[in-house]
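Colleague: Sequence:
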Amino acid sequence: MFDLVIRNALIFDGSGQEPSMGSLAVTGERIMAVGTVSGEGRTEIDATGLALSPGFIDVHTHDDRLLLIRPDMAPKVSQGVTTVVTGNCGISLAPVLGSGKPHPPMTLLGQTPADFHRTFADYLGALRRVACATNVVPFVGHSAIRLSVLDTVDRDSTPTERGTMQALTREAMNAGAFGVSTGLYYPPAQAASPGEVESVLDVAAEFGGMQTTHMRDEGDHIFEAMDEALGSARASGVPLVISHLKCAAPSIWGRASKVLARIDKASLVQDVAFDVYPYDASSTMLDPDRLEGSRRIMVSWSSTVPDVAGQDLDAIAACRCCSPKDAARRLIPGCGINF
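Residue numbering for the sequence shown follows my numbering, starting at 1456 and increasing by one per position.
Just to be clear, a hint being listed does not mean it is correct.
Now the in silico label distances, taken between C-beta atoms and shown as ranges [unchecked claim]:
| no. | residue 1 | residue 2 | range |
| --- | --- | --- | --- |
| 1 | SER1758 | ALA1728 | 46 to 54 Å |
| 2 | SER1738 | ASP1781 | 19 to 27 Å |
| 3 | THR1503 | PRO1705 | 31 to 39 Å |
| 4 | LYS1556 | THR1482 | 36 to 44 Å |
| 5 | ASP1744 | ASP1606 | 29 to 37 Å |
| 6 | SER1533 | GLY1504 | 34 to 42 Å |
SDA-like cross-link-like pairs, simulated, lysine to any residue; straight-line CA separation at most 20 Å [to be verified]:
| no. | residue 1 | residue 2 |
| --- | --- | --- |
| 7 | LYS1701 | ASN1793 |
| 8 | LYS1713 | SER1755 |
| 9 | LYS1556 | GLY1535 |
| 10 | LYS1701 | ASP1719 |
| 11 | LYS1701 | PHE1729 |
| 12 | LYS1556 | THR1567 |
| 13 | LYS1701 | ALA1569 |
| 14 | LYS1701 | TYR1732 |
| 15 | LYS1720 | PRO1733 |
| 16 | LYS1556 | GLY1580 |
| 17 | LYS1701 | GLY1663 |
| 18 | LYS1701 | GLU1679 |
| 19 | LYS1713 | ASP1675 |
| 20 | LYS1780 | SER1758 |
These aren't lab readings, by the way, just hints derived from the structure by calculation. Just so you know, even glycine gets a beta-carbon here, dropped at the ideal spot from N, CA and C.
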């Protein structure tokens, strides 16, 4: 007898083949049969009119803290997501060594120093204690490491600082990080040179890790940013995933075929992939200097003016008789949804 049998479902088995009607049997944590099931289950579900598939993998999330404060992960599990990849865009909950107010975009993960962890082992230990409902593929953020080491982020790192950054990366990889994420688009990492990035990627390579990247530019200079990301990953010998690939600026709309051709060409000499949004809006920190290219920006939260959540930036600016750029400056730190 099986623990669970689901009958009469339209089964998508994950192989890419056409779905078919059938049943599925589970004992313990293992699927024992798919298709035709002989035998009964202690629990049986009639899935007539419903579809059944393997759990979805959400490959680009900032669920780092959600896992700790909502370990049931209802927002994801309710959509069939059973695995989340965290620590993207260069930001992660660890390692964070400073005790001051978090620097944007770290504020996307937590608002106070108490929300962060000094070592990656501490963070993963916290995850194990809460027993979250999804599997987790954690990455360590280059920006988190950089903010922990440099006294100011408006310059490149010194050789000594790179050594410390490598030590923090090594601790994270030893603890269980799957690789390093970079977010050169964001202020904490904009001054980082390819040499600095490659120094931390070299450590990830020692552990068979990989890199995900929010590239330095997804608009007017996307091709230069792609070359930089591909070059750093190739130099360190790590597989690369380009996060949320898009042509973000009006000036390059319609050039997606050239972007994809650049990736196809690179894939002949290195391991490279990308992910994309399934929707037509992005969400990130409010940056007064990077508002162009969005037809509409809705403020999702603001620490300084909380009551504007849900309002369009243009409407907020009109109410305050100022430009959208000035309005955004008054609202930071905050987050916007960019259409």
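Colleague: Evaluate each hint against the coordinates.
Modeller: Now the hints, each set against the structure:
1. Against the hinted window of 46 to 54 Å, the Cβ-Cβ separation of SER1758 and ALA1728 comes to about 35 Å, which falls outside the hint.
2. Look at SER1738 against ASP1781: about 22 Å separates their beta carbons, and that is inside 19 to 27 Å.
3. For the hinted restraint 31 to 39 Å between THR1503 and PRO1705, the CB-CB distance of approximately 48 Å leaves it violated.
4. Look at LYS1556 against THR1482: about 51 Å separates their beta carbons, and that is not inside 36 to 44 Å.
5. Between ASP1744 and ASP1606 the beta carbons are some 23 Å apart, a value that contradicts the proposed interval 29 to 37 Å.
6. Take SER1533 and GLY1504: their Cβ atoms lie about 19 Å apart, and the range 34 to 42 Å is violated.
7. For the hint linking LYS1701 to ASN1793, the alpha-carbon distance of about 13 Å falls within 20 Å, and the restraint holds.
8. A distance of roughly 33 Å separates the Cα atoms of LYS1713 and SER1755; the hinted pair therefore is violated under the 20 Å criterion.
9. Among the hinted pairs, LYS1556 with GLY1535 is inconsistent with the structure: their alpha-carbon atoms are about 35 Å apart, more than 20 Å.
10. Distance check on the hinted pair: LYS1701 and ASP1719 sit about 16 Å apart at the alpha-carbon level, within 20 Å; holds.
11. The straight-line distance between the Cα atoms of LYS1701 and PHE1729 is roughly 10 Å, inside the 20 Å bound, and the hint therefore holds.
12. Taking the CA atoms of LYS1556 and THR1567, the gap is near 6 Å; set against the 20 Å cutoff, the hint holds.
13. Taking the CA atoms of LYS1701 and ALA1569, the gap is near 34 Å; set against the 20 Å cutoff, the hint is violated.
14. In summary, the hint linking LYS1701 to TYR1732 is supported, as the alpha carbons are separated by about 8 Å, within the 20 Å threshold.
15. For the hint linking LYS1720 to PRO1733, the alpha-carbon distance of about 25 Å lies beyond 20 Å, and the restraint is violated.
16. For the proposed pair LYS1556 and GLY1580, the alpha carbon gap of about 24 Å is over 20 Å, so the pair is violated.
17. Distance check on the hinted pair: LYS1701 and GLY1663 sit about 28 Å apart at the alpha-carbon level, beyond 20 Å; violated.
18. Of the pairs offered as hints, the one joining LYS1701 and GLU1679 holds, with about 14 Å between alpha carbons and a cut-off of 20 Å not exceeded.
19. A threshold of 20 Å between alpha carbons decides the hint, and for LYS1713 with ASP1675 the separation of about 13 Å falls inside it, so the pair holds.
20. Distance hint between LYS1780 and SER1758 is fulfilled; the C-alpha atoms sit about 17 Å from each other, no more than 20 Å.
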